[in-house]
Every structure is written in structure tokens, then in C-alpha cells.
Amino acid sequence: MTDLIDWLRLAPWYAAASVLLLENVAVFFMFWGWGAWMVRRFPQRRVAFEPFPLARAELLIAGSNVLLNTVITLLGWWLWRTGWVRFRTDCGVWAALDVLVLLLVMDLAMYGLHRLAHGDGRRQDADYLTKIAGNIQG
Numbered sequence: 001m002t003d004l005i006d007w008l009r010l011a012p013w014y015a016a017a018s019v020l021l022l023e024n025v026a027v028f029f030m031f032w033g034w035g036a037w038m039v040r041r042f043p044q045r046r047v048a049f050e051p052f053p054l055a056r057a058e059l060l061i062a063g064s065n066v067l068l069n070t071v072i073t074l075l076g077w078w079l080w081r082t083g084w085v086r087f088r089t090d091c092g093v094w095a096a097l098d099v100l101v102l103l104l105v106m107d108l109a110m111y112g113l114h115r116l117a118h119g120d121g122r123r124q125d126a127d128y129l130t131k132i133a134g135n136i137q138g
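According to my numbering, the sequence shown holds residues 1 to 138 in order.
What the hints contain is simulated information worked out from the structure, not anything from laboratory work.
We put the beta carbon where it would ideally sit given N, CA and C, even for glycine.
It is possible that part of the hints are untrue.
Stated by the list, open to error - Each pair of labels, with its calculated beta carbon distance range:
no., residue 1, residue 2, range
1, 47, 113, 16 to 24 Å
2, 78, 27, 15 to 23 Å
3, 112, 6, 29 to 37 Å
4, 74, 100, 21 to 29 Å
Sequences are here, hints too, so could you generate the full structure?
Here it is in C-alpha cells:
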């Protein structure tokens, strides 16, 4: 782990960008694969309607999401290199508290951004359910 931290400390921006892009692509495919496995593993326990086939726009959104996550990761890398953010290599109560605070703040930010993007969701859910009901009846 310290070798990776040392490399990141000295890496030029283009090398860090390449590695962090590959990391974000790997995370995307890892979770996509995990989700596909879960759907195949538990077909009788669906938690949502069968999805429509993927549209080109959805693929573009997913790709742009990976790029945006990479930009955010690079921003974090830059903040770390300029001293605004620190890595902790210790374990203990304070390290666990740091992780907990980070997760809570990130969750709150994601919730806020999703509310901003989708509103409260009641109208979209009603439209979707009406469309599904129409397909089932007709």
C-alpha cells in the first residue's frame, strides 16, 4: 500500500489520470457484473420491474459517469498532493470515524444530487407505473 501511495505522490498528472481512469472503468464493470450476477442468481426475488433494453443514451450516460468520477478522483488526488487531504495508514477509532464521516457526507451529497436531478420522484414513478399498467392491460 505504501508503494502505491509513494507512486501517486510522485506520478505526473497524465500517468495518474490514466491509472485512475482504469480504476474507475474497473469499478464500473465490477459492479455491473455483480448486479448481473445477482439478477441471474435470484431471478425469483426481483426488486424492480424487468428493465427495458439499454438505449444508446444510457450507455453514453454510463460512460460520462465514469469520466466524471475520474475527474472527481483526480481532483481528490490533486487536493492530496497539495496538502488539503491526507491519507491515513493507521487503524483505530479515529480512522474508523474518518471512514464513517466520509461515507455519510458522500451519501448525503449523492442523495441531494439525485433529488436535484430527479425531483421528489412521485411524478416520474406515477408515469412509469401507468406505462407498465397500460402494457399489461393492452
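Quick rundown of the hints versus the structure:
no., hint, in the structure
1, 47 / 113: 16 to 24 Å, "holds, 22 Å"
2, 78 / 27: 15 to 23 Å, "holds, 20 Å"
3, 112 / 6: 29 to 37 Å, "holds, 36 Å"
4, 74 / 100: 21 to 29 Å, "holds, 25 Å"
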